[in-house]
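Residues in the sequence shown are numbered from 152 upward in steps of one, following the numbering used here.
If you're looking for bench data, these hints aren't it; they were derived computationally from the structure.
Some hints here could point you the wrong way.
[Said to hold, decoys possible] Straight line, CA to CA, 16 Å or less: simulated EDC-like cross-link-like pairs of lysine to aspartate or glutamate:
1) Lys-212 with Glu-244
2) Lys-251 with Asp-217
3) Lys-208 with Asp-172
4) Lys-198 with Glu-307
5) Lys-251 with Glu-263
6) Lys-198 with Asp-156
7) Lys-260 with Asp-276
8) Lys-260 with Glu-244
9) Lys-212 with Asp-156
10) Lys-212 with Glu-307
11) Lys-198 with Glu-178
12) Lys-208 with Asp-166
13) Lys-208 with Asp-156
14) Lys-212 with Asp-299
15) Lys-208 with Glu-221
16) Lys-208 with Glu-158
17) Lys-174 with Glu-158
18) Lys-260 with Asp-299
19) Lys-251 with Asp-299
Keep in mind that this is a model prediction, so the values were computed, not measured.
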Amino acid sequence: MNALDIESVWKYYGDFPALRDIKLRIERGSTVALLGRNGAGKTTLLKIIAGLSGASKGSVKIMGEDARRETTRRRIGVLGHAISLYDELSAMENLTLFGKLYALADPRKRAEEMLERIGLSRVRDGLVREFSRGMRQRLAVGRVFLHDPEVLLLDEPFTALDDRAIAVLQALLREGHAQGRTIILSTHQLREALELATHVALIQRGQLVFEGPRTQEMADDPAYIYRTYGEK
Numbered sequence: 152m153n154a155l156d157i158e159s160v161w162k163y164y165g166d167f168p169a170l171r172d173i174k175l176r177i178e179r180g181s182t183v184a185l186l187g188r189n190g191a192g193k194t195t196l197l198k199i200i201a202g203l204s205g206a207s208k209g210s211v212k213i214m215g216e217d218a219r220r221e222t223t224r225r226r227i228g229v230l231g232h233a234i235s236l237y238d239e240l241s242a243m244e245n246l247t248l249f250g251k252l253y254a255l256a257d258p259r260k261r262a263e264e265m266l267e268r269i270g271l272s273r274v275r276d277g278l279v280r281e282f283s284r285g286m287r288q289r290l291a292v293g294r295v296f297l298h299d300p301e302v303l304l305l306d307e308p309f310t311a312l313d314d315r316a317i318a319v320l321q322a323l324l325r326e327g328h329a330q331g332r333t334i335i336l337s338t339h340q341l342r343e344a345l346e347l348a349t350h351v352a353l354i355q356r357g358q359l360v361f362e363g364p365r366t367q368e369m370a371d372d373p374a375y376i377y378r379t380y381g382e383k
């Protein structure tokens, strides 16, 4: 069984097709760099995979189940443009709350482990509204990995992160890949993405124009993928 089966997905905004007949199968344990210029449709596709938006036509299945089922959503972790934390709660309270929402056996223990992992255990009782931007970013990364999701969806994760948060995220992604998790990473940071990726998917104007294994040539020359498969 594949981790993801995306079958003939279209997404319309009015009469405008933001996605056009996307067909993509992603094997378990893959790390996919989802590439494309601004407005290509990457964020729209990730939202549909995450079950946050519905496709106009077509279907998305995660581990064989419809992406919009509640049980399926618990199997994924999403890091989008919003940090998605509660400012008036402490770091510990935030992660414990999310742990409860994900029905973890011991949310508090898991929250403590994650705070240690992301280097925030010393400020566990501090309110998030008092945190620096970098600390908030690391806590958001911790939230995504808290429930050990089988599938990770990350939309431009490196763009707003400081150096320490990037290091934490990269370490968790490498760890997740080693554990067999499936990762879809949408980004403009080509070098960072291609270092991690096993596969590449390129979207242009809502259409999938390339999908295949990440080659060493792509890793050595990040512009290769656009130069070779992009618009002429």
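Status of each hint after checking the structure:
1. Lys-212 with Glu-244: violated, 32 Å
2. Lys-251 with Asp-217: violated, 23 Å
3. Lys-208 with Asp-172: holds, 8 Å
4. Lys-198 with Glu-307: holds, 13 Å
5. Lys-251 with Glu-263: OK: Lys-251 and Glu-263 at ~14 Å, within 16 Å.
6. Lys-198 with Asp-156: holds, 15 Å
7. Lys-260 with Asp-276: Holds, because 15 Å separates the two Cα atoms, which is no more than 16 Å.
8. Lys-260 with Glu-244: Holds - the C-alpha atoms of Glu-244 and Lys-260 are around 12 Å apart, at most 16 Å.
9. Lys-212 with Asp-156: Measuring from Cα to Cα gives roughly 5 Å; hence the hint holds.
10. Lys-212 with Glu-307: violated, 23 Å
11. Lys-198 with Glu-178: violated, 19 Å
12. Lys-208 with Asp-166: Between Lys-208 and Asp-166 the Cα gap is close to 13 Å, so the pair holds against 16 Å.
13. Lys-208 with Asp-156: holds, 14 Å
14. Lys-212 with Asp-299: violated, 19 Å
15. Lys-208 with Glu-221: Roughly 20 Å between the alpha carbons, so the hint for Lys-208 and Glu-221 is violated.
16. Lys-208 with Glu-158: holds, 9 Å
17. Lys-174 with Glu-158: At roughly 5 Å apart (the allowed maximum being 16 Å), Glu-158 and Lys-174 satisfy the hint.
18. Lys-260 with Asp-299: holds, 14 Å
19. Lys-251 with Asp-299: holds, 14 Å
Checked against the numbered hints listed earlier, the structure breaks hints 1, 2, 10, 11, 14 and 15; every other hint is satisfied.
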